[in-house]
Amino acid sequence: MGSIALVIAGGIYLASYLPRQAPLLIPTVLIGLGGGLLLAAVAQLGGLRQFAWERFYQVSGWALVAYAVIAGMIEFVLLVDHTRGTLLILLTVVLVIFALDIPIILGFSVARHQDTPAGIP
Amino acid sequence: MADAIGEMPMSPTAAGATLNPTRVTVVPVAGLPLVAAALAFLVAAVAGNWLWALDFIHVAGGGLWTGIDLFVGLVIGPIIGHMSVPARVEFSTRFMPKMVLIMPTLVVLTLASGLQLARRLGNLAVPYPNHWWLVASFIVVGVMAVIALGLLEPANLAVLFELKKPRPNGLLIAKLMRRFVYTAGVTGLMQIATLVIMSRIATW
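Note that the protein sequences, when read in sequence, are chains A and B. Using my numbering, the letters of the first sequence map in sequence onto residues 1 to 121. Using my numbering, the letters of the second sequence map in sequence onto residues 1001 to 1204.
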């Protein structure tokens, strides 16, 4: 959730300067921190042993499809608006983090309350 | 979905005794073509820079998003709070899957068309101090997005999957649903702020 908040904050900072280009230091730091938190979450997830992985992949897989579509549509809007260069790269990174983060959150939120393969909740 | 269910004090097995888990769907597949059609309309509006369509999508989508959120929070939620546990479960199993499709679709439609509309109408280029209204709208949407995506939607899905179990844990469901109660105030305030900001932008 912290990752989402950070990348959204970075996106808001960039959007607040539109149609001009914002200074990129602050949003880059925010988005970088958001990406770092995402990687940390993935690493923590990978360390889990007794976990309902099948349910996790089921939920996060379909959620990834849905949020990839959403992120793709927003990227499409950016391209139609002739967003280019570093700004486009930053916003694309925001969308990638967004599209990966939400499915992980959804999958984990469901799977943590499901029975593990050994039958231990 | 704020305050949609309210407190659900039930025993760990009460929900299971009142519900057939095979009847619980998480995502209503029949609604997917409608979602696809709405998104296709959005793509066409953005690609064609079609002013009327952008305005329609933004006004209709935003109006529905705000209206549903406030109506569910202020009307449906208190009603459900006075229903029996079996009735709440029955309602939730039919209501929540539809919200899984409806709310994210409305959000995407509203935000994407809103950004395009702002560019097309020149609202993004408005100088300060009026530009603060736009920044305020970004912040409001950002707060709602974090709450909805980070707290409410995960709780929504977790509750639906819990209801699918042969013997759902009522205490867990109640705990998850309390998120809607706790965030109801914040999301309600954000929705009212949205109404104020949007009407201000439309009339400056």
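No lab work stands behind these hints, which were simulated from the structure alone. Heads up, a few of these hints could be off.
[What the hints assert, rightly or not] Here are some of the chain A residues that sit facing chain B, going by a computed Cβ distance under 8 Å:
no., residue
1, I8
2, A9
3, P19
4, Q21
5, M73
6, I102
7, I105
Where is the CB? At the ideal position from N, CA and C, for every residue including glycine.
For each hint, the structure was consulted:
no.	hint	verdict
1	I8	5 Å, holds
2	A9	7 Å, holds
3	P19	5 Å, holds
4	Q21	12 Å, violated
5	M73	6 Å, holds
6	I102	5 Å, holds
7	I105	6 Å, holds
Consistency with the previously given hints fails for number 4 only.
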